[in-house]
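Novice: From first to last, the protein sequence lines are chains X and L. Following my numbering, the numbering of the first sequence begins with 656 at its first residue and continues without gaps. Following my numbering, the numbering of the second sequence begins with 656 at its first residue and continues without gaps.
Some hints could be false.
The list makes no distinction among identical chains, and a pair is therefore deemed to hold if it is satisfied within one copy or across any two copies.
[Unchecked claim] Here are the simulated SDA-like cross-link-like pairs (lysine to any residue), alpha carbons at most 25 Å apart as the crow flies: (1) K785 x D972; (2) K912 x D684; (3) K937 x A672; (4) K937 x E691; (5) K704 x D830; (6) K704 x S889; (7) K937 x N665; (8) K981 x L865; (9) K981 x D684; (10) K785 x T854; (11) K803 x G741; (12) K979 x S766; (13) K785 x L905.
Treat the hints as calculated values from the structure; they're not laboratory data.
There are 2 protein chains.
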Amino acid sequence: MEKIMTKFINSPEAVTAELLEGYVLAYPDQVALAAENIVVRKNPKSEDKVAIVTLGGSGHEPALSGFVGDGMLDCSVVGDVFAAPGAQRLFQALQLMKREAGILLVVLNHSGDVMSANMACQLAERAGIKVRKVLTYDDVSAGIGAPKEDRRGLAGCVPLYKILGAAADEGRSLDELVEIAERYTANSATLAVAMRRCTHPQNDAAITDLPDGIMEIGAGQHGEGGGGRKPLVSADATAAEMVDLLCQQLQPKAGSKLMLIINGVGATTHMELNIVFRKAYKELVARGYEIAVSRIQEILTVQEQAGFQMVMAVLDDDHINYLKNKPSNAPYWVEIGR
Amino acid sequence: MEKIMTKFINSPEAVTAELLEGYVLAYPDQVALAAENIVVRKNPKSEDKVAIVTLGGSGHEPALSGFVGDGMLDCSVVGDVFAAPGAQRLFQALQLMKREAGILLVVLNHSGDVMSANMACQLAERAGIKVRKVLTYDDVSAGIGAPKEDRRGLAGCVPLYKILGAAADEGRSLDELVEIAERYTANSATLAVAMRRCTHPQNDAAITDLPDGIMEIGAGQHGEGGGGRKPLVSADATAAEMVDLLCQQLQPKAGSKLMLIINGVGATTHMELNIVFRKAYKELVARGYEIAVSRIQEILTVQEQAGFQMVMAVLDDDHINYLKNKPSNAPYWVEIGR
C-alpha cells in the first residue's frame, strides 16, 4: 500500500532545496541563494564591517534563514532537515564572506553544528580567513546552573542575530562583537514545552509523540526530550512554572530590564501564545522587573509540534538599543517598539 | 472524569479577554485597549484623516487586531471565538473613532459580521457619525464567477488594511478610499485548503475533522466546508490546481502585476508553505505574470488547523505603492521589499 502523505511536500529528499528556493523567490529584495543551501543578503554590506554568519538544519522555519537581511545575518548555511550543514559547505560560506574585518560565526549548541563549525574554522584559519565563533546555549532544561556544554541552543539565537547585525553595521570590531555576544548569552535562558505528536517530513517518524493532555517541559528542538512529562495544566500555571525556572537560572536583580519572547514552535495557536505571554509578563512585573523588549511570534519552529519556547534575557542598554532602534529588513524580523 | 485539556488556556470563557490583554502587553508601543475587546493604536492619527476600522471574531490570531498600528488599522473590534462582536460594541468603537473625515469600516463577508456592521452603521448614522462600509469577499470556493454575496471574506482583508491605512495617511477622502478598496476587492481572490483535525478552544468540538491523508480545497475559516474532499496530492499538484482556479476567477491580462501570499492557517509548517509558494510562483510566471508583492506568513489562522490559504490579487501601481513603500508598525505586518 502506498504511504499516506500528511504534509504539503513533493519528494522528501527535496524539501530543503525546494523550501529555500520558495523562500528567496518570495523575498527577492532581501535574500538570495549564493550557492546550494547558502542564503545571503540580496545587497551585501560593505566589506569593512564584520560579517555575521550562522548555521543549522532546516525544518525550523522561519529560523534560521528568515533572519538574513540588512541589519541582521549576512549569511545562513543550511543543512538538511534537523541536520548540520557539514564543514565543507560552511567553509564554502566562510570563503564567500571572507574580509579583513572578519567573520563572527554564531553556533547553536548541538553536536553536529558544533562539529561542523570547529572543522570549518580550522579550514578557514589555514586559508587565512579571520573568523571567531560564539556559542548559544540558552536551554535550561539540563538543570539550573548546568555547565554550558550541557545546554542546547534554542530560539534565543534570533535576538542575538539582531543585536550582532546592528552592532556590526555600526562598525564594531570582531573582538567587540564577541564581547557583546557573550554578554548576551551569559544572561539569556530559554525553556521549551512540547505537547502532542509531530513528525519528521522525510520519514514520517514521530519527532515527539505525547498523548493528548500530556506536556513535557524542557523538550528540545528535535525530540531529544530532557524534561518531565506531566498532565497539562492551565496556561497560567505553565507560564508561572517556566518563569520561575528561568528566573532561578538568570537571577535578575530588582529593576532589571528583561526581554520576554513567547516563540510558538508550530501547532500551538497565537491565541494560546498571547495568553501565556500575559501571565509571564505579570509574573515578571510582580517580581520587580521591567519588560523592555517583547514579542509573540513563531521565530523558530519544530515542524507541527504543539508547544512553545519562553525566551528570556537580562538586557543591557546597548542590547536594547540594538534590538529596538536599528532597522532590519530580514523577512521574518518584525521591528519592536517603533 | 475531568475533561482533558489540549490547549494552553485558562478558563474557556476568558480566552478572548486574556489573549487581547497579553497582546497589548507585548506590543505597548503600538496598540492599546480602548475598551473591552476594542483594540486601537497607541498613538492615534490626526483626526483630519479617515479612520480605518474592522471587526471579527477572535481565534484567527494574529488577525485581525495584529494589524492595528501606524499605517494600517486604527481600530479592530473583536468578538468572542469565531463570533461577530455585535452591533453595540461596534457602535461604541465607531463613536470612539468619530471624525469629520469619516470612518471606513472593512467587513469580511460572514453573516454575523455583516449583520453587526449593518446595525452599527444605522446607529452611527442616527448619531451623526460619518461612516461607509466596504465588504471583502475573496473566497472563490463557491465557484468561479459566483455572486459576491456567496463569497466569504478570507485572508485577503489583510493587504487591504495596509493599502487603506497608507492611503488614509496620505489624506485620501472617504470616497476615494472606498474606490481604492473596491478596486482591490474586485481583483482579489483566495482559496483555502484544510487538512487534519482542529478544535474549538471553548468546547473542544472539532472545527474540522479530516482523516489523515485527506484534504479539502475550498474550506472556510470555521469548518464551513464548501470544497471537495480528496486524497492529499503533492505540494506542487495542490499549488498548481489552486493557481488555476484563482486565475480562472481573476482572469489577469498578460503582464499583470500580482500579489501572491501563502497564509498558513495553523499547523502547516513554514517549510511546507515555502514549498507551495515556490510552485505557485513558477506557475504564475509561466503564465506571463509578474509577482510584484509576495509573502509567506501566518496572517490569519484557524486555530491549529493544518492547511493554508492562497491569496492572489491583480494590483494597480497605487496598490503596489501602498503595500510596499509606506511603513507600518502594526505588530504582525512585515514590511515588503525594502
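Novice: Evaluate each hint against the coordinates.
Specialist: For each hint, the structure was consulted:
| no. | hint | verdict |
| --- | --- | --- |
| 1 | K785 x D972 | neither (29 Å within a copy, 46 Å between copies) |
| 2 | K912 x D684 | between (35 Å within a copy, 16 Å between copies) |
| 3 | K937 x A672 | between (43 Å within a copy, 15 Å between copies) |
| 4 | K937 x E691 | between (45 Å within a copy, 19 Å between copies) |
| 5 | K704 x D830 | within (12 Å within a copy, 50 Å between copies) |
| 6 | K704 x S889 | neither (48 Å within a copy, 44 Å between copies) |
| 7 | K937 x N665 | between (45 Å within a copy, 15 Å between copies) |
| 8 | K981 x L865 | neither (41 Å within a copy, 45 Å between copies) |
| 9 | K981 x D684 | both (19 Å within a copy, 16 Å between copies) |
| 10 | K785 x T854 | neither (40 Å within a copy, 53 Å between copies) |
| 11 | K803 x G741 | within (23 Å within a copy, 53 Å between copies) |
| 12 | K979 x S766 | neither (32 Å within a copy, 41 Å between copies) |
| 13 | K785 x L905 | neither (33 Å within a copy, 54 Å between copies) |
In the structure shown, a violation is registered for the earlier hints numbered 1, 6, 8, 10, 12, 13, in ascending order.
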